[in-house]
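There are 2 protein chains.
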Amino acid sequence: MSRASKIAGLKTALTTVSPQSIRAAAERIAPYAVRTPVLRSDRIDALAGCEVHFKCEHLQVTGSFKARGALNAVLSLSDAEAAVGVVAHSTGNHGAAVARAAQARGAPCAIVVPTVTPAAKLANIARYGPAVVQCEPSPAARRAASEAEAARLGGATIVHPFDDGRVICGQGTIGLELLEDVAGLDAILVPVSGGGMLGGVAAACAGTSTRVIAVEPAGKALGAALAAGERVIFDEAELEARPTLATVADAMPTRLLGPNLAWPLSYGLLDARDVLAVDDAAIEAALRLTASELKQAVEPAGAVALAGLLSPAFAALRDDPERPLRRVAAVVCGGNVDAGTLAAILAGGGD
Amino acid sequence: MSRASKIAGLKTALTTVSPQSIRAAAERIAPYAVRTPVLRSDRIDALAGCEVHFKCEHLQVTGSFKARGALNAVLSLSDAEAAVGVVAHSTGNHGAAVARAAQARGAPCAIVVPTVTPAAKLANIARYGPAVVQCEPSPAARRAASEAEAARLGGATIVHPFDDGRVICGQGTIGLELLEDVAGLDAILVPVSGGGMLGGVAAACAGTSTRVIAVEPAGKALGAALAAGERVIFDEAELEARPTLATVADAMPTRLLGPNLAWPLSYGLLDARDVLAVDDAAIEAALRLTASELKQAVEPAGAVALAGLLSPAFAALRDDPERPLRRVAAVVCGGNVDAGTLAAILAGGGD
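Chains as they are written, first to last, in UniProt numbering: chain D, 1 to 351; chain A, 1 to 351.
Hints in this document: simulated from the structure, not taken from any laboratory.
Careful: at least some of the hints might be erroneous.
Claimed, not checked - Computed beta-carbon distance windows for the label pairs: (1) Pro19/D x Ala83/A: 34 to 42 Å; (2) Leu47/D x Arg152/A: 31 to 39 Å; (3) Gln20/A x Gly207/D: 47 to 55 Å; (4) Ala344/D x Asp181/A: 31 to 39 Å; (5) Ala126/A x Pro19/D: 42 to 50 Å; (6) Gly184/A x Asp271/D: 46 to 54 Å; (7) Thr115/D x Ser138/A: 51 to 59 Å; (8) Ala344/D x Arg242/A: 31 to 39 Å; (9) Ser138/A x Gly129/D: 51 to 59 Å; (10) Leu47/D x Pro139/A: 36 to 44 Å; (11) Ser209/A x Arg35/D: 26 to 34 Å; (12) Ser2/D x Ala183/A: 29 to 37 Å; (13) Thr15/D x Ala24/A: 51 to 59 Å; (14) Glu240/D x Val116/A: 51 to 59 Å.
Unchecked claim - Not close to chain A: a few residues of chain D, all C-beta gaps over 12 Å, as computed: (15) Ala30; (16) Ala82; (17) Gln134; (18) Val182; (19) Thr208; (20) Asp279.
Bear in mind that the values here come from a model prediction, so they are computed numbers and not experimental data.
Positions of the beta carbon are idealized from the N, C-alpha and C atoms, including for glycine.
Based on the sequences and whatever the hints tell you, model everything.
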């Protein structure tokens with residue numbers, strides 16, 4: 001991809017995900033969303049070698065950051081659209097978020113979830129009262145099931161989990177709040193799956209001195225994609241064989257960034273070196289540290305940013321004399337986890 | 001105990017633990033202590049049948065509310081006293097708190113802990129650098145070991161874990177913050193062991209419309225003691241046979257309130273009906289709910305107030321037409337727990 005088309009893609013994306021639209025999202029969701037707190041730990045600062053501010057999106061309504069984007073999307077619908085209803089497919093957190101937003105709006109709602117969804121996430125969706133439909137855990141199956149549900153409701157709006165401008169603007173409010181609440185941030189570490197939060201936070205930080213660093217489950221290879229300027233660097237056989245990432249962070253199975261907005265924003269606003277990959281062992285160790293030091297009970301995805309902070313690759317970024325990292329934020333993105341899974345990971349530490 | 005001596009005892013205690021001295025404590029500890037956040041959960045509100053505000057003392061420095069009292073006590077010492085040093089005996093949390101306060105003051109420090117102290121609590125003490133001495137888990141053994149350590153340091157000050165005016169004023173700042181941060185509280189639920197936090201919060205709420213409700217591990221029988229007007233309602237043989245309470249809340253083994261201040265404050269300021277007793281099963285269920293709904297990883301003692309809130313006895317207090325409870329706070333008092341213990345309790349739920 002040429003430099004010119006990179007800039008053109010970014011400019012187009014920024015017309016949808018603009019500073020003004022992120023600010024409008026913040027106002028729109030304020031009555032329903034939590035301005036989440038920021039936590040600190042001396043010990044984690046010492047381990048990370050810099051000052052770390054944890055943005056607690058697991059304390060967001062519905063237990064994950066997804067509430068922001070879903071609320072912005074559903075509250076943006078016209079009354080006529082809302083009356084027909086909304087549909088979402090989700091590994092769990094986006095489903096709860098859209099169900100909660102539909103409840104706030106008084107809109108009919110159906111949520112499509114893969115059969116592998118953890119029980120805690122299913123229960124967390126069910127409490128907001130939508131129709132819940134299970135499907136096979138593949139992109140094709142969830143697309144088909146979502147379209148069937150939307151038709152059943154009479155033409156309901158499908159709220160995409162990440163590649164939707166209103167959703168991305170909602171997630172971008174995380175960046176807005178961090179910039180307001182923590183002065184002088186050198187970087188924000190954002191877990192990346194489909195790229196909605198990454199794109200939104202990157203857009204919120206565009207034009208500031210705060211960098212965005214993506215943290216991915218190993219195997220996603222976003223850094224290589226950004227370096228190559230190609231959203232898809234895997235061949236078709238590979239994507240068909242492994243349509244989702246194998247990671248303990250069950251909320252983050254998506255291999256590719258959304259093509260319409262998530263990719264152009266991330267490609268246009270991130271440095272290809274600012275991607276950290278973390279494996280299951282690192283995520284689980286970070287989850288244990290989140291419990292022991294921050295006293296927070298999170299899902300594996302919620303520990304991904306901390307796992308990135310503790311990686312050797314982060315230390316290299318931090319110590320780059322040309323752009324050192326002295327004060328960073330990390331997004332703790334969700335806390336919806338089965339007690340049994342949490343117990344098993346807590347018990348699994350030799351540390 | 002006569003009504004006249006009850007009032008005389010309270011009046012004397014309130015000269016030490018006065019509104020002014022609690023305010024002075026708040027100013028003294030402010031540079032070192034956290035103004036802890038307050039968390040909410042719709043689901044817990046529904047389960048408790050009223051609005052509940054959780055005061056997050058497990059997010060306090062050192063992972064428990066004990067930091068407040070210890071900081072106030074150690075920062076109140078003269079320079080000469082501080083130069084000699086401080087000693088504390090503790091089941092863990094007070095030890096970490098005094099060690100941290102000594103570090104802040106630059107004072108030598110020794111901490112006496114019973115041999116049964118969980119590993120996480122030992123590690124949490126050790127990180128602040130004091131001398132750590134283990135002793136048998138009995139009041140007599142800890143007293144002897146503390147006095148030996150104080151002598152070794154050349155006449156160090158022993159900071160009592162609860163029956164000390166400066167400690168109680170420090171714990172009282174929890175009540176002060178709640179009254180400032182949550183308008184219209186009908187009651188504050190306070191876990192009670194030796195009674196330092198109970199007495200301090202009760203003193204902070206004296207002269208307001210906010211009641212204090214104590215929550216104890218079953219077997220302590222504080223309600224019966226308050227009703228009888230007698231601090232000690234057990235016979236000597238019983239106290240010798242069982243010097244500590246058998247409870248999963250390892251931070252709360254103390255059977256009797258401190259005689260000097262904790263008892264007179266509690267007896268003078270609490271209604272004998274305002275004591276809730278909770279057993280291990282209720283504490284463990286509350287701990288699981290704290291993880292799943294509040295996303296907080298706490299020690300068993302940290303779930304005691306929530307266990308009280310979910311007890312039938314609380315429902316009776318709540319629904320008393322003469323003094324209904326519509327908005328309450330509960331103190332989540334600590335979060336220092338071994339990963340293995342936390343894992344076992346999380347995995348233990350059939351719920």
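Verification of the hints:
1. Pro19/D x Ala83/A: 34 to 42 Å: 56 Å, violated
2. Leu47/D x Arg152/A: 31 to 39 Å: 34 Å, holds
3. Gln20/A x Gly207/D: 47 to 55 Å: Given a distance of about 50 Å, which is inside 47 to 55 Å, the answer is holds.
4. Ala344/D x Asp181/A: 31 to 39 Å: 37 Å, holds
5. Ala126/A x Pro19/D: 42 to 50 Å: 48 Å, holds
6. Gly184/A x Asp271/D: 46 to 54 Å: 50 Å, holds
7. Thr115/D x Ser138/A: 51 to 59 Å: Taking Cβ atoms as reference, Thr115/D and Ser138/A lie about 56 Å apart, which means the hint holds.
8. Ala344/D x Arg242/A: 31 to 39 Å: Holds - the Cβ-Cβ distance for Ala344/D and Arg242/A, about 35 Å, lies within 31 to 39 Å.
9. Ser138/A x Gly129/D: 51 to 59 Å: For Gly129/D against Ser138/A, whose Cβ atoms are near 55 Å apart, the range 51 to 59 Å holds.
10. Leu47/D x Pro139/A: 36 to 44 Å: 38 Å, holds
11. Ser209/A x Arg35/D: 26 to 34 Å: 29 Å, holds
12. Ser2/D x Ala183/A: 29 to 37 Å: 59 Å, violated
13. Thr15/D x Ala24/A: 51 to 59 Å: The hinted range 51 to 59 Å holds for Thr15/D and Ala24/A, with Cβ atoms some 57 Å apart.
14. Glu240/D x Val116/A: 51 to 59 Å: Given a distance of about 57 Å, which is inside 51 to 59 Å, the answer is holds.
15. Ala30: Given that every Cβ of chain A is farther than 12 Å from that of Ala30/D, nearest at about 16 Å, it holds.
16. Ala82: With a cut-off of 12 Å, Ala82/D remains clear of chain A, as the shortest Cβ separation is near 22 Å.
17. Gln134: Non-interface label stands for Gln134/D: nearest chain A Cβ at 22 Å, farther than 12 Å.
18. Val182: 16 Å, holds
19. Thr208: 26 Å, holds
20. Asp279: 20 Å, holds
Violation of the numbered hints given earlier is confined to hints 1 and 12; the remaining hints are satisfied by the structure.
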